[in-house]
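Now for the letters of each chain:
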Amino acid sequence: MGTLRPEIRPRNADAAGARGAVAAQQRPSPLSSLPAQSCDPWVLFVVGCLMTLGVVMVYSASVALGGAGFEWKNIWNSPLRQSVFAAAAFVVMVAAAHVDYRLLAWERPRDFVLPGLLLLATVGALVAVLVPGVGVVQKGAARAISIPGGLTFQPSELAKLTLCVTMAALFTRPGADPRSLKRSFLPALIIGGVLIGLVGKEDLGTAALMGVVLAGLLVLGGVRWSHILGVVLLGAAGGAAKRYRLERLRTWFSETPDARDEGYQVTQSLLAIANGGWWGRGLGASIQKYDYLPQKNNDFIFSILCEELGIAGGIFVIFLFVCLLVLGWRIARRAETAFGRLLAAGITLTLCLQAAFNIGVVTNSVPTKGISLPFVSAGGSGVLFLGLAAGILAAIGRNIPAR
Amino acid sequence: MRGFGFLFALVGALLAAGAGRLVFLERTKGDELRALSEQQHTATLVVPAQRGDILDAKGRLLAGSVRKPSVFMDVTRIDDPVMAAYSVAPVLGLDPAALERAIREKANSGFVWVKRGLSDEELRQFGQVRHARKLDGFGVQYEPERVYPNRSTASHVLGFVGAPDDPKRTQPQGRAGVEQLYDAWLVGNDGRRVSTVDVRRRRLQAHQETFEAPLDGGTVILTIDAYIQQRTEEHLRRAVEEHKASWGTAVVMDVHGGEVLAMANYPDFDPSEPFPSGMTPAQAEQWQERHMRNRAISDSYEPGSIYKPFIAAPAYDEALVRLEDRFVINGPARQFGSRTIHDTHPYGTLYFWEVISKSSNIGMGILGARLGNGRLHRYVRSFGFGDPTGIGLPGEHEGLAQDFSIAITPIQLLTAFSVFANDGVLMRPRIVRGVIDSTGRPVEDNSRPTAIRRVLGVDAARTFRREALARVVLPGGTGTHAALSDYQVFGKTGTAQIAKPGGGGYLPNAYCGSFVCAAPLGEPRASVIVSIYHPTGGKYYGGTVAAPAAGAILADALQYMQVPPEPLLTAPTAGPASD
Chain A
14 MGTLRPEIRP RNADAAGARG AVAAQQRPSP LSSLPAQSCD PWVLFVVGCL MTLGVVMVYS
74 ASVALGGAGF EWKNIWNSPL RQSVFAAAAF VVMVAAAHVD YRLLAWERPR DFVLPGLLLL
134 ATVGALVAVL VPGVGVVQKG AARAISIPGG LTFQPSELAK LTLCVTMAAL FTRPGADPRS
194 LKRSFLPALI IGGVLIGLVG KEDLGTAALM GVVLAGLLVL GGVRWSHILG VVLLGAAGGA
254 AKRYRLERLR TWFSETPDAR DEGYQVTQSL LAIANGGWWG RGLGASIQKY DYLPQKNNDF
314 IFSILCEELG IAGGIFVIFL FVCLLVLGWR IARRAETAFG RLLAAGITLT LCLQAAFNIG
374 VVTNSVPTKG ISLPFVSAGG SGVLFLGLAA GILAAIGRNI PAR
Chain B
25 MRGFGFLFAL VGALLAAGAG RLVFLERTKG DELRALSEQQ HTATLVVPAQ RGDILDAKGR
85 LLAGSVRKPS VFMDVTRIDD PVMAAYSVAP VLGLDPAALE RAIREKANSG FVWVKRGLSD
145 EELRQFGQVR HARKLDGFGV QYEPERVYPN RSTASHVLGF VGAPDDPKRT QPQGRAGVEQ
205 LYDAWLVGND GRRVSTVDVR RRRLQAHQET FEAPLDGGTV ILTIDAYIQQ RTEEHLRRAV
265 EEHKASWGTA VVMDVHGGEV LAMANYPDFD PSEPFPSGMT PAQAEQWQER HMRNRAISDS
325 YEPGSIYKPF IAAPAYDEAL VRLEDRFVIN GPARQFGSRT IHDTHPYGTL YFWEVISKSS
385 NIGMGILGAR LGNGRLHRYV RSFGFGDPTG IGLPGEHEGL AQDFSIAITP IQLLTAFSVF
445 ANDGVLMRPR IVRGVIDSTG RPVEDNSRPT AIRRVLGVDA ARTFRREALA RVVLPGGTGT
505 HAALSDYQVF GKTGTAQIAK PGGGGYLPNA YCGSFVCAAP LGEPRASVIV SIYHPTGGKY
565 YGGTVAAPAA GAILADALQY MQVPPEPLLT APTAGPASD
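Order-wise, the sequence lines are chains A and B.
Everything in the first sequence is counted per this note's numbering, starting at 14 for the first residue and increasing by one.
Everything in the second sequence is counted per this note's numbering, starting at 25 for the first residue and increasing by one.
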């Protein structure tokens, strides 16, 4: 696919970025010597591996006692449901990888329409979740909107992508000055604050993740250090506001987690990991999946994976995320536009940080948060939007021959 | 971009830290956590062994075990007490209002018995109601129950079972008799099933489980014959009730093998409910004393004149007296050293056999004096008095055999008397024939007769039982009520005064009437002792209160054993008899 628009160098591209771009052109990588490609295939490959692993593990973790025999008409309620979502997410990812990501950029004064619409749709969905009757209450919190057909949609998954897109667009828009309080910092803070605040109302884990990503994007975007320090302090204060967050912190700091209440999940997660040992009990042989670990197929899928495939399997998953991180780093460094660089960095940080958070939670290294393992955990909208994000990352990685 | 490398390196470090954390967890806490998990998902279910049976000599069941269904409820899982109570109570024959009250009062109990011991019909109906109305709060648990199909038959020999001392033991424990003595063999070994369970303790079919089968308890086979036992109990009961006695005891023995064919006591008890419900501890102790003592082996008393053959026969065996000897009695009283001995009738002269058949105390004194103290004592011990018989039941009293005081148990007396029937050889009495474990292997074989010693010569024993003991039952003797039409019975009566508890003389007008006998005279097969303690119906002589029952028992036993009849002896000249 060809470019839809001519390359326009941002006027205010910083010197380091310019130097990186020049260096990349001088030292051609093995990939750049290949014919022009429409996207980065390695991102698709790594994410595809994770999705496949997810389908297998979610299936294994969901097959417990009392499972009826498989029937096509019941596929929607069967453990194979995840395979439908994963397949759809893979299609979405491949499709997004072949669309020009600069549709989302704000390169000319009137280009803000598309990112603006995305932002509006996200905020609208986040607000709709809070409306009784529209939001579906799951595990004591309203996090999803029900869609006809028995599906649910979690706007917070979309909000993670929206945050990256709007921040990248904002900092690279025409006439942007990242060091300006009024023109860059305050708009970024307001937009980010609204998104994080709405998400955090029901889902603090995702909000915390978005907060960290926002801080990272502010740094990458070039905002003054003094402004950033203020944001970090504000975020920390907001995070401590809710009481049950403090409970979780206490669970974490106590030497052995209280096996009855908050610490139950984490204790069972550790038991699952220990059960697996170095090489695992074998695929399908988990014991903890028999409801000892209530969230066995979403937030704690990694524990079940470790139980069945061992620490070796867990380290392999971490290796895949490290691969994704390295690919994202390469793409962000070599992207043609400043918008692409910032967006690629934001998406990569979001995906890999979420993975690191999730692994931290299930190994009792980080306080318990409801946060899933990207691409692997069960979930419809989650895997779809993450697929979309990975597709955009792959699209940024397309290799366009130099003019 | 500013901080680009740093941010990516930070996230990479976080991911690497996750991998490091996994390795660290495995290295430091892996075994500990695995042990915890093992404990959490492993359930051990004890599969109780079934307590072994107790059979009679012909393989009839005297004590067995069944699995009894009982209904319990988990009150925390009952949502609607009214619906639950009015559904379940009618099929179990309970009062619905009372059950509803129980449900409300024990709202927090996870386990409450509703009814223990259901009939098959009740179980079927309960199952239907439970299924139809989805009463998940109710369940059926099978409990082992000890059954004694013949009710009180041989209750004192069998004993009974009660709650175990060890609370971890799943089975009841034998508390008396054979149940207690052979508890170790009867109890068997519990099995266990170790399975992997889910969080709601349901077994996971897909996971391996270990099953260790229970080894049921062994079978104890007695020498008791249930038919003879029941006939003995019936005759004993009639005698005790007719003469309004405190209690009575009767034992039947195979004279050649020493096998106890029946051992009865009256009053008795039902081993399936040893203590009638609603007793105070004091009442229970009284009940135990009155109904549950196996008096045939555990109660000794002064024998009285029933002891005479055990002095006279040795004197004859030692050739200190001849059959045709006549004793000058010149009663009714005579001085022997420091003791004065009385007869109830004044006799002039008596033949040797008349001293036994008429039970003359003065004649006995003369025989004792001829035998001398040393030989007398040796023979008394030789007959087994003063030693446990070796029958091997719990609670046996060994009796007392010193110079002038003697106390013996009915089983000792019968064992010693059987020496006359067994041509002079003392046999060890046996009541347990053997034990076979549940795999069919004999683990204790007690079926061979054991001779303890020869006490009398063959001729002496045969002659003595024919010339002296048989005449007790012939007209003119003291035991004529035991005479049978088909067999020549030989025996000895005894009427002992009951000593005051704690010593120091005797209770006035309190007697224990006994009769010990055997038949047929030619080739004796069975011996019987009957003791009737403290009869208050006016009669108390052993020949009156005990001899009829002893004769009846012997008749039933010999007929049942298909012993051919024999010609009876002719009566000698009659004369007055004492006891």
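Simulated from the structure, these hints should not be mistaken for lab results.
Quick reminder that beta carbons are idealized off the backbone N, C-alpha and C, glycines included.
Check before you lean on any hint, since a few could be wrong.
Said to hold, decoys possible - Label pairs and their in silico Cβ distance ranges:
id: 1; chain 1: B; residue 1: A33; chain 2: A; residue 2: A134; range: 47 to 55 Å
id: 2; chain 1: B; residue 1: D189; chain 2: A; residue 2: L296; range: 30 to 38 Å
id: 3; chain 1: B; residue 1: K92; chain 2: A; residue 2: L296; range: 22 to 30 Å
id: 4; chain 1: A; residue 1: A100; chain 2: B; residue 2: A67; range: 51 to 59 Å
id: 5; chain 1: A; residue 1: T165; chain 2: B; residue 2: E146; range: 45 to 53 Å
id: 6; chain 1: A; residue 1: T165; chain 2: B; residue 2: A67; range: 54 to 62 Å
id: 7; chain 1: B; residue 1: E146; chain 2: A; residue 2: V144; range: 42 to 50 Å
id: 8; chain 1: B; residue 1: G29; chain 2: A; residue 2: L242; range: 44 to 52 Å
id: 9; chain 1: A; residue 1: L242; chain 2: B; residue 2: R227; range: 57 to 65 Å
id: 10; chain 1: A; residue 1: G137; chain 2: B; residue 2: D160; range: 43 to 51 Å
id: 11; chain 1: A; residue 1: L242; chain 2: B; residue 2: A37; range: 50 to 58 Å
Here's how the hints hold up against the structure:
1. B:A33 x A:A134: 47 to 55 Å: 35 Å, violated
2. B:D189 x A:L296: 30 to 38 Å: 50 Å, violated
3. B:K92 x A:L296: 22 to 30 Å: 46 Å, violated
4. A:A100 x B:A67: 51 to 59 Å: Roughly 40 Å apart at Cβ, these two residues miss the hinted range, so it is violated.
5. A:T165 x B:E146: 45 to 53 Å: Check passed, 51 Å falls within 45 to 53 Å.
6. A:T165 x B:A67: 54 to 62 Å: 37 Å, violated
7. B:E146 x A:V144: 42 to 50 Å: Cβ of B:E146 to Cβ of A:V144: about 57 Å, so the range 42 to 50 Å is violated.
8. B:G29 x A:L242: 44 to 52 Å: Given a distance of about 21 Å, which is not inside 44 to 52 Å, the answer is violated.
9. A:L242 x B:R227: 57 to 65 Å: 59 Å, holds
10. A:G137 x B:D160: 43 to 51 Å: Given range 43 to 51 Å: holds, Cβ gap about 47 Å.
11. A:L242 x B:A37: 50 to 58 Å: 22 Å, violated
Violated hints for the displayed structure, listed by number in ascending order: 1, 2, 3, 4, 6, 7, 8, 11.
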